[in-house]
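**Q** Following the hints, complete the assembly by docking chain B with the ligands onto the known chain A.
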Amino acid sequence: MTALLATAGGALASVDQDYLLQARQMQALSLAVHIPLVCFGIAFPAMVLFCEWRYLRTGDTLFRVLARRWSKVMLALFAVGVVTGTILSFEFGLLWPAFMANFANVFGLGFTLEGFSFFIEAIFIGIYVYGWDRLPPRLHFLSGIPVAIAGVTGSLFVISVNGWMNHPGGFTLQEGRAVNEHPWSALFGNSFFWHEFAHMYFAGYIVAGFLVAGAYAWAFLRGRWGRYERTALTVALSAAAIAAPLQVVIGDWAAREVASAQPTKLAALEGLGQTTQGAPEHLLGWYNGHDVVYGIEIPRLLSLLAFHDPNATVQGLNAVPISDQPPVNVVRFSFQTMVGIGTLLALIGVVYLYIRLRHRRLPGSPWFYRAVVLAGPLSVIALWAGWTTTEVGRQPWIIYHVMRTTDAVTEARGIPVGYGTLIVVYLALAAGVAWLLRRFSRVPLEGDQDGYRDG
Amino acid sequence: MAIGMAEIPMAFILAGLAAYTVLAGADFGAGLWTLLAGGGPASRAKIRDHARHAMGPVWEANHVWLIFVLVVCWTAYPVVFGSIMSTLAIPVFLAAVGIILRGASYALRGQLEAARGQHPIENVFALSSILTPFALGTVVGAIASGRVPVGNAAGDPVTSWLNPTSVVIGGLAVATGGYLAAVYLAADAHRLGERTLEVDFRARALGSGLCAGGLALAALAVVRSDAAALFHGLTSDGGIAAVGVSAAAGLTTLFLVWRRRFGPARASAALAVAAIVAGWALAQRPRVLPGLTIDQAAASRSSLLATIIAVACGAILLVPSLLLLFRLVLRGHLDPAAAPGATVPAAPHAPRKRQTHLLAAFAAATFLVGTGATVLADAGWARALGVICLFACALSTFALVTAEPDPSREAMPPRNRG
Ligand code: HDD
Ligand code: HEM
Ligand code: HEM
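Going line by line, the protein sequences match chains A and B.
Residue 987 is where the first sequence starts when you use this note's numbering, and the numbers rise one by one after that.
Residue 180 is where the second sequence starts when you use this note's numbering, and the numbers rise one by one after that.
Since the hints were made in silico from the structure, they are not lab data.
Incorrect hints may appear among the rest.
Unchecked claim - A partial selection of chain A residues facing chain B, derived with a Cβ cut-off under 8 Å:
#, residue
1, 1065
2, 1072
3, 1073
4, 1083
5, 1224
6, 1225
7, 1232
8, 1239
9, 1353
10, 1370
For glycine and all other residues, C-beta sits at the position ideal for the given N, C-alpha and C.
With the rest of the complex left out, here is chain A (with noise of 0.2 Å):
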């Protein structure tokens, strides 16, 4: 029997396809379209459940009013989400059925546990959003409930997979696949994911929070403004600039861990050519293959930052053979992005919540409500450039250190058909979710007898 598997996972493990980069591009690409909306599966419930419950608590029918509204949009996107989560399911195996083959069975139980969050979201999102006015109202809110824990161990369970890809352990390699296997301590016991979940639970409530309150804002800006347009602002807004500081602080800790783990991801990140003591940070610039040129030095940082010493020896590219190595300015550069938008929404985070905390109103300028509506955008942006970081500063490794990307692709043919239909399919998806949205935001208020709009 280890011989038939022997000669299978060898049959599932060479291979020569011409089409690699596309295959990691159109993996990137389905994982570009389900990430955004992954973060509205982890912080929009909260803030739907967030305004019932005040509702519930104060009886004020403004917030019924927008818990209601909200939810109609939760149910869209999570649509969205879940067919574009099933595209990456399927890419798995489309893509990387050797890696699928021999290591599935490592990390396989991370989606097993995952499909189960899906199965409780699912359902009660269903309950949730047809039951408006159908079930008692506490019944209604206890519904939701549900929906928001599955949103985030759904997120926690895909993560620990992702924490474990970058950080392998719990089996024995033998013959390039994994046997000896010991799936809850490879997942669960490992120190890796952690950070990466805690990082993108708040990035869930930038992104989220950022885009909602962006509609508001939009709204001011165009000179609606009234009570409804306030508080729908002010929830969604506050979420997000609470999160937008405190991610600086978890980011930090990603990096360290980084640090520990990944020094070549470390390396590249910052673009650090020789292994160096008391290493400079440089920002901005480009590596040319052995040092940043052209950017802004700050001396010892790195080392101050990544191991809290300003004389800490960190490890340069230098220490690894280029086939080794990732694509230095791509991972750079998608660093120093998130890390500059990190910045400005934190300050944007603060300024509002100085403005509400200190004189308990709404900022007046414009220039705020612009900047929101900006906000948005950059930290989908961020988003994008954080998994970049993660995933382009693993390569060449599929399973760091374990597995190559070159080894785990598959053989099948038609890659860049596959790769340019899905694009077309891709840019249908955008188009109709903004229709949506757009005829969305224009479906009058229902019960807009208080005049919300205008009070």
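**A** Chain B with the ligands only, in chain A's frame:
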């Protein structure tokens, strides 16, 4: 025929596949009927609305069965998953595209009644509701007829799924979906008291039931000439028993629908379809792919055990939730009908100042401890404490920030500033 540990996850997969075929199959069928609306006593628009509303609260949950099947397959039988997905890349990709188009068009169409641009969207929805089950059916046919060898894209990329068995099973998948949907939609119309819809869907159920039955017989004939091993399995031992159950349940359903006993018809229609899945499994046992038995394909004991534990624990949550959902749906509690007015509880509370101060102090303290511990500590427990503090800080600050603002100080938008 004892069941070994290696076979338990396969039992989960088959149960999931049966559930997917019955539940999501009916959703696909609903899509088919939106395309074939009209011609009966009920108007086109009514048929479409009825089909669409009926799947509203459930289709996402029904869809998750597919995810469940995929993830259990790749966890417990990774080599099988890798081989199937690489050889059958084309139909799997077609199914994937169908799933995106279908989900997206449903979400778009469903959220907005009577919007412009609904016709093309409706057609995308209907066509993808046919494409997806057909493509998935050809995948089943490819596996069942032994055309997926072990290996990375080792089978023929085209004939593995474009062959008589695959095509006829693809067709059967579309037809059974239509049949299930018609039965369920007739039952829903009966519950809603919509006479014309009921009559219309009853006729559709009878017609598509006959079609599906005929196609199933044709499929047996095709399988006999195209996939002898499968045919042998289907006509001996457990295989023939399952085929017999399916046939009997199919005939019973036709009778029940004809007598307008829609409740029991739902159940027997589901049984007829689930029995086909069981029959396939029994016919193929213990082979999963050519030359690969289920014991050889299975992951090691610890993974199987982990999967079994995960599914068992998951089922404890899942089964009551699903029962709740279906109960609410079948009793009409989630129907899109006019709603009783919501009761409005008491008037807003006034904010309490003392509480606010305490909360502010708590937020500040957790911020300091959280940041300090996360950034400076190296011990795992201290960092965990730090992160927990940061979450607590986020929550308490949120409570502070979302307290009702002072309306007299509200900003005016630029346009209203005179
Ligand atoms: C709105 C999104 C967002 C924002 C504002 C930030 N990040 Fe981030 N970052 C992500 C969203 C993100 C993410 C969700 O996309 C990633 C990808 C993988 C992960 O765990 O989180 C990520 C990864 C990631 C990694 C790589 C982790 C790994 O490879 O395991 C580091 C080192 C940082 N981030 C650091 C930061 C710092 C120092 C930030 C502050 C300025 C920051 N991030 C802001
Ligand atoms: C950043 C990483 C990811 C997170 C946090 C995440 C989380 C989620 C969440 C919360 C949902 C629920 C849908 C929604 O709310 O919109 C979802 C859907 C889904 N995701 Fe992801 N996901 C991630 C990446 C992936 C990947 C890599 C896969 C590939 C297997 C995947 C597969 C799925 C599937 C199959 C669904 C649909 C579930 C359903 O049918 O209900 N996700 N994901
Ligand atoms: C579990 C959650 C996962 C998340 C959230 C995730 C996230 C991402 C993201 C955002 C990218 C885009 C990078 C870019 O823009 O180039 C990416 C790329 C990639 N991911 Fe992952 N990934 C996950 C798991 C996986 C898995 C399971 C595989 C393999 C089966 C995988 C393989 C890849 C590959 C090959 C790339 C392309 C890298 C490149 O373009 O150089 N990832 N991933």
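**Q** State for each hint whether it applies.
**A** Hint check results:
| no. | hint | verdict |
| --- | --- | --- |
| 1 | 1065 | holds, 4 Å |
| 2 | 1072 | holds, 5 Å |
| 3 | 1073 | holds, 5 Å |
| 4 | 1083 | holds, 4 Å |
| 5 | 1224 | holds, 4 Å |
| 6 | 1225 | holds, 7 Å |
| 7 | 1232 | holds, 5 Å |
| 8 | 1239 | holds, 5 Å |
| 9 | 1353 | violated, 10 Å |
| 10 | 1370 | violated, 20 Å |
Of the hints listed earlier, those the structure fails to meet are numbers 9 and 10, in rising order.
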